[in-house]
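Residue numbers (my numbering), protein chains in the order written: chain Z, 3 to 100; chain B, 3 to 100; chain U, 72 to 204; chain V, 72 to 204; chain A, 388 to 521; chain X, 388 to 521.
If you're looking for bench data, these hints aren't it; they were derived computationally from the structure.
Nothing here was measured: the structure is a model prediction, and the numbers come from that model.
Keep in mind that the hints are not guaranteed to be accurate.
[Claimed, not checked] Here are the computed lysine-lysine pairs in the DSS-like style, where the Cα-Cα straight-line distance is at most 30 Å: (1) V:Lys73 - A:Lys464; (2) V:Lys169 - A:Lys448; (3) X:Lys501 - X:Lys452; (4) U:Lys168 - X:Lys448; (5) V:Lys73 - A:Lys510.
[To be verified] Part of the chain X face toward chain B, derived, beta carbon under 10 Å: (6) Met394; (7) Leu396; (8) Arg398; (9) Tyr406; (10) Ile429; (11) Asp430; (12) Asp431; (13) Glu470; (14) Ser471; (15) Ala506; (16) Thr509; (17) Ser513; (18) Gln515; (19) Leu519.
Beta carbons: idealized from backbone N, C-alpha and C, even for Gly.
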Amino acid sequence: MLHTVNKSSFERNSLQSCLNTIDDTSVILLIEDGVISAAKNANSSMLADLATQGRVYALQGDVDARGISSKVADNIKLVDYAGFVDLVVEHGTAVSWV
Amino acid sequence: MLHTVNKSSFERNSLQSCLNTIDDTSVILLIEDGVISAAKNANSSMLADLATQGRVYALQGDVDARGISSKVADNIKLVDYAGFVDLVVEHGTAVSWV
Amino acid sequence: MKFSIQINEGPYQHQASDSAYQFAKAAIAAGHEIFRVFFYHDGVNNATRFTMPPQDDRNVVNQWAELDIKNADGEPELVVCIAAALRRGMLDESEAKKNGIEGNNIHPAFRISGLGQLIEAGIQSDRLVVFGD
Amino acid sequence: MKFSIQINEGPYQHQASDSAYQFAKAAIAAGHEIFRVFFYHDGVNNATRFTMPPQDDRNVVNQWAELDIKNADGEPELVVCIAAALRRGMLDESEAKKNGIEGNNIHPAFRISGLGQLIEAGIQSDRLVVFGD
Amino acid sequence: MAIKKFMYLNRKASYGTAYAIESLEVVLIAAAFDQDVSLAFIDDGVYQIVEGQNTDGIGMKNFSKTFHALGDYDINKLYVSAESLEERGLTADDLMPLVYEDEDDDWEEKPSVKIVSNAELTKIMSEQDVCLSF
Amino acid sequence: MAIKKFMYLNRKASYGTAYAIESLEVVLIAAAFDQDVSLAFIDDGVYQIVEGQNTDGIGMKNFSKTFHALGDYDINKLYVSAESLEERGLTADDLMPLVYEDEDDDWEEKPSVKIVSNAELTKIMSEQDVCLSF
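For reference, chain Z alone in the conformation it holds in the complex (with noise of 0.2 Å):
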């Protein structure tokens, strides 16, 4: 499964419930507010064991929007729209966290 998380771990508690509930197979992607997550910041250690397996995604276009292109985690993958389809293509059912 594809998790789309659209939301800021600091405003609400999406990305936690999508943690909660994500099998040992789906990847996440941040887009909109939820790149803020990506950044490293106090809450990056959220995503941080997810990203080393390579399945967190963040979607380029929101990164640069807010300016923390240059504080991306580590491992977390940078993708375009193309790559947000792609995304969807690959790995079945999408999941919105919205």
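Fit chains B, U, V, A and X to the supplied structure of chain Z, relying on the hints for placement.
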């Protein structure tokens, strides 16, 4: 000052942000989904100190709507909309943590 | 006391407009004055005369209209931010004509005006209360 | 592959509609088919033909219209939920007439229909992606 | 056409936003299609099915009773996160007694609500073909 | 009429929602009224004034440069929560260098942004007459 918080502390960080910057004389009114934070639960310790000082209110109508009127934490005072108006009159500047 | 209210969200999606309406009604019942209600962000959508809610539900737009909040000159003090309104597709007759659009959707109990009206409400009122997301 | 998209929020207030548009454009560019875009909740507000954004900003409604998503019968597959639309003041000509309201505001690139169209999109498509608050 | 598994993901309380009521409206329509339907109540979504909701004080429609109709439409897989309930100081007794009549078991009345751990929910979600989020 | 103290409370990042851009639009209008204006950037609101925003990839308007105009309108009290910055791994160097020319000090260019502790912010908020929240 009167601080209104309208979101659940499980979903958002607005109650925590309010508590981070509230001064010694201001009061908090929980409205809408904010009343979820008025119920006895894992997050209710956030408000306990202020409630003991008589500085936490919750809107009765919103508490009833969410079916949690029997669960309101100790020392939180219930008000109706007329009471909301009175709180705004009594406490000066109103700050909404929307 | 003189109150003003800012509403940041539209009808039916968020409780903000309902809460603000209940607050305004209670304030009026307690003898206070509502100087102005300012609709900003998606709040501008509260002013649509096209709303058709289900028969068993409240009509958020009409509730506001029935409060009939006007100033001494008889103008509505349910004020819709013009900048926020135009991008979201809320138009009165004059804006529609100016922009060459056929039709308009602002309820006559509301009027469109600039953001200065929000600042003025803050200056003129004893209290300004914000209802939002 | 066959995609459908659900959009839960209106234009300009949330990024949801912008993100969904960029996603749809990229999917089409990659050779995929957009079976249907379903506008629900405040998402129905994306269908207004009254929108007048500032000249230096994108026009969210027109962007969708220009994607020109239609089915084999030539009908728009930008579908607006009728129940969500009516309460929020989004009307096409037929609904306006039926309800005795003068005027309408649905852009011709969109059509109003029932919630069954969302379920059908889920059944007929290989993937359904939700964009929301 | 093969039957698909649809999950309706409910994470928000009623009344504060429209997501709860408009999610329920979709689910009722979904019953007319011959698909496999599950509802998940996670986070503040669990408040949607708390017993004893009364909206008289806020002027909004109390639609909570409509959840009782789901059983009549053969929608009887309502999964509630045990962890979400517990965090909120709620138990099974706080929830509406939603039931359905099991046609495969002599129309015996059975509970529609199943309280499941996040681990169980993870497994259920993994099996879905379509997830609609509200 | 006495001058009132207006605070604009910004708690959300730009682009994800309209609150940031539409808050800035109010602030620019506010400059025309002769009031005492402060802006507070708390929580994810601090991202509004991070340097180097580029919206080319999302098709939305980059309005971040407009913050530079505030100084010209005598709006020069931008309070940023130190705790909010730190939690997010940000420092003063990550913020746009927003300045104003101080007419009381021979038009010397001075920084508009002040990084303050939550305790200081509490005090500043306590002094306000009107708080507009976005």
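Checked hints:
Between V:Lys73 and A:Lys464 the alpha-carbon distance is near 28 Å, which keeps this suggested pair within the 30 Å criterion. Using a Cα cut-off of 30 Å, the hinted pair V:Lys169 and A:Lys448 holds, with the two alpha carbons roughly 25 Å apart. At roughly 18 Å between alpha-carbon atoms, X:Lys501 and X:Lys452 fall within 30 Å of each other, so this suggested pair holds. Distance hint between U:Lys168 and X:Lys448 is fulfilled; the C-alpha atoms sit about 27 Å from each other, no more than 30 Å.
Among the hinted pairs, V:Lys73 with A:Lys510 is consistent with the structure: their alpha-carbon atoms are about 26 Å apart, no more than 30 Å. Hint status for X:Met394 relative to chain B: holds, with the closest Cβ pair at about 8 Å, below 10 Å. Interface hint at X:Leu396: satisfied, since its Cβ lies 7 Å from the closest Cβ of chain B, which is below the 10 Å cut-off. A cut of 10 Å between beta carbons decides the hint on X:Arg398: the least distance to chain B is about 7 Å, and the hint holds.
Here the hint on X:Tyr406 is kept, as its CB sits about 9 Å from the closest CB of chain B, short of 10 Å. With 10 Å as the threshold, the beta carbon of X:Ile429 comes within range of chain B, its nearest partner Cβ sitting at about 6 Å, so the hint holds. Against a cut-off of 10 Å between C-beta atoms, the interface hint on X:Asp430 holds, since the closest Cβ of chain B lies about 6 Å away. Taking 10 Å as the C-beta cut-off, the interface hint given for X:Asp431 holds, the closest approach to chain B being about 9 Å.
The restraint placing X:Glu470 at the interface with chain B holds, with a minimum CB-CB distance near 7 Å, inside the 10 Å limit. Annotation: interface hint on X:Ser471 holds; nearest CB of chain B at approximately 9 Å, less than 10 Å. With its C-beta approaching chain B no nearer than about 9 Å, X:Ala506 sits inside the 10 Å limit, and its interface hint holds. For X:Thr509, the suggested interface contact is upheld, since its CB lies about 5 Å from the closest CB of chain B, less than 10 Å.
This hint holds: X:Ser513 has a C-beta 5 Å from the nearest C-beta of chain B, less than the 10 Å allowed. Nearest Cβ of chain B to the Cβ of X:Gln515: about 6 Å, under the 10 Å cut. The hint holds. A distance limit of 10 Å between C-beta atoms decides the matter here; for X:Leu519 the minimum to chain B is near 9 Å, and the interface restraint holds.
Comparing the model with each numbered hint stated earlier shows that all of them hold.
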